[in-house]
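Residue numbers (UniProt numbering), protein chains in the order written: chain R, 1 to 977; chain X, 1 to 216; chain A, 1 to 179.
None of these hints come from the bench; they were simulated from the model.
It should be emphasised that the depicted structure is a prediction, and the values quoted were computed from it without experimental measurement.
Note that CB positions come from ideal geometry on N, CA and C, so glycine has one too.
Heads up, some of the hints might be wrong.
Listed next, with one range per pair, are the computed distances between beta-carbon atoms [stated by the list, open to error]:
(1) A/Pro154 x R/Gly796: 18 to 26 Å
(2) A/Asn148 x X/Ser55: 50 to 58 Å
(3) A/Phe103 x R/Gly492: 51 to 59 Å
(4) X/Arg68 x R/Asp904: 35 to 43 Å
(5) A/Ala71 x R/Lys970: 52 to 60 Å
(6) X/Glu35 x R/Ala912: 44 to 52 Å
(7) A/Met110 x R/Leu444: 48 to 56 Å
(8) R/Ala912 x A/Phe103: 38 to 46 Å
(9) R/Arg712 x X/Arg68: 34 to 42 Å
(10) R/Glu488 x A/Met110: 53 to 61 Å
(11) R/Ser842 x X/Lys183: 38 to 46 Å
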Amino acid sequence: MMLKKSAMNRYLYVCVVSALFFVLSNALYVDQIGKYDWTKNLIGKVELVAFDSSVSISKNVFVATDKNVVASISAKNGNINWRRTLAFNDGKIKSLNHVRDGIVSVTEAGVARVFEASSGVTKWDVNLAASKTEEEFLVHQVAVLEQSYTEGNLLVVLTNTEIITASLSKHHPKVKSVAFDQDISGAEYNKLLIDSQSSQILHFQLELRRGISVTVYDAKQLEIISQANVQNDWLATLDTVAVLEGNQLLYSCNEPESEMLYLVDFTSGKVLNSVRLELFDIESVASIVSVSNKDVTTHGPNVLLLHGQGKVSHIKVDDGDVKIGWKKELKSLREVVTKQLGSEEYSFFTSIDNQDVTITAMSVKTGLTDDSLTIRYQLPANTGEISSIHINMFLKRTTPIGFRALLTTTADTVLLVAHPNRLAWQRDESLASISSANMLDLPLSDGDAGIEAEFEEAERTSVPDMFAKRVKAQASQVVSFFKQMAKELDEGTLFKHKTRDPLIQVEGLTRDPFSLHKMIVVVTKAGSLFGIDSLNGEVVWRYYSSLLTDRDIHLYVQRTTAHFPHPPQALILGLDPQQQLNPVLLELNPITGEVEDKTDVLGGIKSPIMQATLLPNPDSTHLRPLLLLDTDLNVHLIPKTAETESVLKQLNLYLYDINSLTGLIRSFSIKSSNVAKPTWSVTVPNTHRIIQFGGKPSGEKIDSLGRPLADRSVLFKYLNPNVVAVLSESLEQNVDRCSLMLFLIDAVTGQMIHSIVHKRSQGPVHLVHSENWLLYSYRNAKLRRIEVSALEMYEGKTQFNSTSFSSFHVRPNPPTILQQAYIFPYGISSIGVSKTEKGITSRQILFGLKKGSLFGIPRKLFDPRRSLHPNEKHREEGIMPYSPEVPVPPELFLSYNLTLEQIDGIYCAPSALESTSLVFTTGLDLFFTRTQPSKMFDVLKEDFDHMFIGAVLIGLFIAALVTRRLSQVKQLNKSWR
Amino acid sequence: MCNVFYLLVIVSCVWIRATAHESGYSLIVEHAFGEGEFQKRGEILFSNLKGDEASFKNPVQLSPSEVRELEKIAKQDGMYKIRMSTKLQEVSSKTEDSSWVSTFTYANQLLGTDLHHALNIHTDGLGSIISISIVPVPCIDCRHDDTFDFDTNVIVTVPIQAQSPDTAGFLTKIEEEKRKKEKQANEPQSFFGKYWMFIVPVVFFMMVSNAAQQQQ
Amino acid sequence: MQVSPSGQQKIGKRKEKWTLDLSMRRGEQRNDLPSPPGYLTEKLPAAEVAAANEGSHLDLVDKRSWDIALAPIKGLPMNIFIMYMAGNTISIFPIMMVGMMFFRPIQALMGIRATTRMLERSKQYILQTLVYFLGNCLALGLAVYKCNSMGLLPTYTSDWLAFADPVQSMEHVGGGFTL
C-alpha cells in the first residue's frame, strides 16, 4: 500500500512539474501550412532578357525586371528557379549578360554583380562608382569581352565620363578605367563594341554635325590604339550606322540629292567606297541592321537595309565593294533582328497584325525561308499588345536552325512561344504591381438562390401559397441532398474533403456557409484587371483594354452579391494623369469578368474629374451610386436617375479634396446633384508637403461605444465618423530640422480636432485609422529607428448625445486625446488591420516588414493608456505595463517561414465567421491567408473527435440503461428473499 | 547734461517697450453671406511672430441691411463663411490657392447664439497659418438685446509635441527593480522571518484545540 | 414464545413454530398480556382536560407562533456572518451561499400560506405574519446586498454598455487625394 502511494505521488509530481513547462503557442502547426493560405511568387515587368548561352536550346531564361529583380525562369514551364531582389538604391538594372562565369548584371549606379547561373548565389559584386558621387555616374552601355579561360572574361562598362573594365575571373576584380576628356552626350549617341579576337574595345560616338568619332582601346591596358573621325554633318542617329568585320563601318546618308552608302575604315577614317542608293532602287534608308551581338568578330560582311514600308534589302561588302543581294517586302513589319550562331546567320522579321504575331527567320546570305522557320501565333485575349520580342536561336540537326520567341506585352505578360504556334508558358507579371484589391463574396448556390427568389414575389402571393412554395423548395433540397450523398457514397468520397481547406466544403465558385471563399478583384498599374480565386490563387478571369493603358485606374464596387437577383456590379474609372484625355468608364461584373464600356455616360463632363466617391446609401436596387466632382464644381451621379438624386438629397454629403502638390485641403457640401458649394479650406505650412491621409472606412461596425474602466464607469469613445487624419512631412533633408505633422480634421466643419508635431522625424509614413484610434509608423531621423505611434480619442465619462452624432453640435469640452509611441525593430513597408463582420473580435494590426514577413500583433499592445508604473486599476482592466519596444516574436508571423518581397499593400476582408478575417497582401509576391485574432472561438477545431465522443456517449447511454435494468432485477430478487 | 541724456534714453526704451507689444503682424479677415462676395470684416492681430496669441482688431459693424440678409440666408439654410489670409501682402480673391484659409457655419446656428462665436485659429508655431474655424458658442451670462454685434473670441492653438518612446523612464524602472531585487537577496533572512505566516496559524489552532479539549 | 390458541389444534400436522404473531385481527382483543403500569383502558372526558390546559395551551401556541414569526429575523445575524466569511470574489463557495440565501426566503415566501395556517390559532397572527413576511424580505434584501457587493448587480453604466444602440451620424463624408 505504501509503495503504491509513493509511486502515485511521484507520478503526480511529474505531471505537475511538466505542466509548468507547457506554454500556449499561437503559431501554426506544420501540417496546417498550405491548407488555407497560398502564395504566388512574381518577378515584375520583364525588361532585360538573356538566354542561357552555354547550351544551344536554353533550359533557363534569365530576366531582369523593373522591380530590380534578377531571376532565372525555367524555359519549359515558366517557373522561377531562383530570384534575387537588388536594393533600390543601386538604381535600375541596366544590363544583363550570360557568360561563362554566370549572370552579370550592372545597375545604373554602377554596381556590377555576378550570380551563379544555377542557384543565383552572388559570386562577387563591385561598385564601379566607388570614387564618384551619384549624380555624376551613369552607366550607358555594358559589354562582356570573352577571353580564354586563363585570361578570364572582362566586363566593359561605358559610363558618361569613362570606360571601366573589370576582370570577372579572379575573386577581387581588377577595375581599371580611362576617362574621357569631357562628358559624353546621351546614351543613344554612343555605341560600345568589343573585339574578342584582338582584345579591343571600340567606342563609337556620334557628334551631331561633326561626324562619328571612333576610338579603339586595347582591352588589357586601356590605351588608345587608334582614334579616327568620320566626317559628316548630316548624321543624326546611329541607327543607320553598322559595323562590319575588318574594321569597316557602313552608313547611309538620306539627304536629298545625295542618298548614298558610305563604307569607311574606322581605324583611319578613310572612305573606302561610296555607292548611290538609286543604283539599288532604294529611296531612303530607315535603318541598317547587322548582327545584334556586341562582339565585332561575329559581324560578317552582310547587313540588311530597312527602307520604305516593310522593304528589306540585303547588302554584302566584298573586298571594299558594296553589292546588293536579295530584296523582300513584308507587311506590317515591326522589328528585324539578326542573330549569329556558329556558321549560321539568320535574320528574324516580326510582323504584328492586331493580335497575330508572325516571326519569320531568313538566312541572311541567301534570303531563303520556309515554314519550319516561321512562327505564327495569336496572342490570347486580354493579354495586351506586344511590347518587345526576344529570340532564342539554336542549332538543330535536320533544319539548320530552330528558334523560340519570348514575348512581353503591354499588360506585363511574358509568353514563350515555340514553333509552329505553341505556347510553352505564360506569366502574368502585372500582378507584381497591384494598385488596389477588393475581396468580394461569391454568388449563392442554385438552391439558396431559389429560396431567395421566393421573396421576390412576396407581395403578390398569399401566405398559404408561399408556405406551399417553401415546403416544395425545401423538399426538393432534401431530395437533392440525399441524391448527392448517395452519389458520394458510390464514389467513396463521402468523408473526403472537397477542398484542401477544411472549413470550405463547397466546390466551385459558389458561396460557402462561412463565406471564406472570396473572389479577389485586382487592379494593376499596367492597366489590367484580374479576378483571382481566393482558394488557390488561380486567375479566374482577366481583362485588359488599351483604353486603360497609362491611366490611373480606380475601382468602385457598387453592389455586392448579397442582393440576389441583382447581379454584382463594379465601375472602373480610368483617368489620365496629365488630365488631357477624357476619362474612361467601364462597368464590370466582378464575379464573371464581363466588361461593358460606359464612357458615353461621362459625356456631359467637360472638366477633369477631381474627386469620386460612392454614396453610403444604396437605391432600391441596392446599387450605391457613384458621385463625381469635377474641377468646375459640377456634380455627376452615375447612374443618374430620380431615385439616386433623392438618395443624394437625403444625405448630408461633404466631400474633401486633398491636393498634395499645393498643400491645400478643401471641402465641398453636396446637397443636390447640381453644384457643390465650397465650405472650408485648410493649408499645411509651405515648408511641408502632404504625404499621407487616412479617413475612417465607411460603414464600419463598432462593437462598443466605450471602454469599461476598473471602477465600472465607462470611458466613452469619441466616435466621429468624419475625422480625417492628414500627415505632412517637412521638405528639409537635414536631420535636425526635419519634422512630421499630424492633423486631425473634422471633414464636415473644418475644425482642427488635434494636431501633433514630431520633431526630427521623417517619412515614409504608413497609417491605419479606424473606430476611435489611429496608428502610424514613421522614421526617427535623429536616432535612426522606426517608431510607431498610437493615438486614441475619448469623449469622457458621459456621452454628449447618445442618439445621433453631428459635427455641428457644440461640445463643452474637446475630446481627450491620448498618445503614445513605441520603437519598432524592423523596417515597415505596409500596415493593415483585421476586419470582422460585427467588430466583436479584438483587432489585429498587420505589419508588412521589409525583411519579407507579415507580422500580426493584437492592437491592445498599442493602447495609449499603458503606463510605466501600473497600479491596481490598470491590472484590473487588463492593460499591460508600458515597454518602449514592440516585441516581434516569430510565432506571430502570419507568413511563417516564407519570404514575401516588397509588401506594399495589405487588404483585409471579413468573413461570415466572427472570429476570422481574411488577409491578402500584394507587392512582389501575393499572399493570402486567414487570421484569427482571438483564436477560433466559433467553430469546432479541425481534429475534433466526433467519432470518439459519439461512440463514448452512445456507449455510456447503453451502459446506463443496461445497468439500470440489471440493478432493478437485482433489487427485485433481493426483496423476494 | 548727462543725466538728461540718460533720462531720455530710459524714456525712449520704455516707450519702445510699451509699443513693442503692438509689434507682430495682422492678417485680414473677410466674411461672406451665403453665395455673396467676400467683404472685409476686420483684422486679426498676432502679438508675436510665432503666432501664439491673437486678438480681433478693427471689427466692422453689421449694417441693418446685412443683418436682414443674414436673417434671410438663415431661413434658406445657407452658410455664413469666413476666411483669413495666410500671407501678409495683398492677395487676390481667388479661393483656389493656399493664400486663404476659410471656414463656414450655418447662418441659423450663428443667429441662434446671438452672434456669439469663437474663432479657433490653428498655426504651426513658426508663423504659418494652418486653419481657421468658427464655432457658434451659446453664451450664458450676456445681454440679449437687439444689437446685432459680432462677439468674437479668438483662440490660437499650435500643434503639441508628440510623445516619443519613453526609453529613459523604462531604463530607470528596470534599474530600480534590479536594485530592489539585489537588496532583497542581500538582506539576511532569518528562518522565522520567512516562515512566520505558516507558524502563527498552526500555533493558533493548537491553542484552540487545547482549550476545546480542556473544556471537554 | 407463545403458541397461538388456534395453532394448538393443528399441532399434530405442523411443526412447532417459534413465532410471535403480532397481527391483530379485527375485533380481537389481546387478553394474554397484563397492561403496563398506569395505563387506563377507559377514555377520559376530553373537555376537562381541554379546559384545564387551555390557558397554558394558548400561551404555548403564542410562544410557538412568535418563534415561527421571528425565525427569519433570528437567522439574519448568522447569515450576515456567513456572508462576511464567504467573501466578495466570484467563486463556487460564495455563489453557493448566495444562492442558498436567496432560495430560503423565496421558498418561505412561497409557502407563506402553510405558515399562516400554522399561525392562525394565536391572537396576534396578523402581526406575526407581517413580522414573518418582513423577516423574509429582510433576508432577501441581505442577499441582494451581497450580490451588489460582489458586483453582480447592473447598477453602473458599464453594465448597460452592451445594450447601447450605435449612434447615428447625421453627416456623411467622402474624398481623398485629388484624382
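The hints, checked one at a time:
1. Separated by about 21 Å at the C-beta atoms, A/Pro154 and R/Gly796 satisfy the suggested range of 18 to 26 Å.
2. Checked against the given bound of 50 to 58 Å, the beta carbons of A/Asn148 and X/Ser55, roughly 55 Å apart, stay inside it.
3. Judged by the Cβ atoms, the range 51 to 59 Å given for A/Phe103 and R/Gly492 holds: they are separated by roughly 58 Å.
4. Range check, X/Arg68 to R/Asp904: Cβ separation about 58 Å, and the 35 to 43 Å hint is violated.
5. A/Ala71 and R/Lys970 have their C-beta atoms about 44 Å apart, which leaves the hinted 52 to 60 Å range violated.
6. Between X/Glu35 and R/Ala912 the Cβ separation comes to about 49 Å, which falls inside the hinted range of 44 to 52 Å.
7. Checked against the hint of 48 to 56 Å, the pair A/Met110 and R/Leu444 passes, with Cβ atoms roughly 54 Å apart.
8. Between R/Ala912 and A/Phe103 the beta carbon distance is about 43 Å. The supplied range of 38 to 46 Å therefore holds.
9. For R/Arg712 and X/Arg68, the Cβ-Cβ distance of about 55 Å falls outside the hinted range of 34 to 42 Å, so the restraint is violated.
10. Distance hint check: the CB atoms of R/Glu488 and A/Met110 are about 57 Å apart, consistent with the given range 53 to 61 Å.
11. For the pair R/Ser842 and X/Lys183, the beta carbons lie near 39 Å from each other, so the given range of 38 to 46 Å is met.
In this structure, the hints that do not hold are numbers 4, 5, 9, in rising order.
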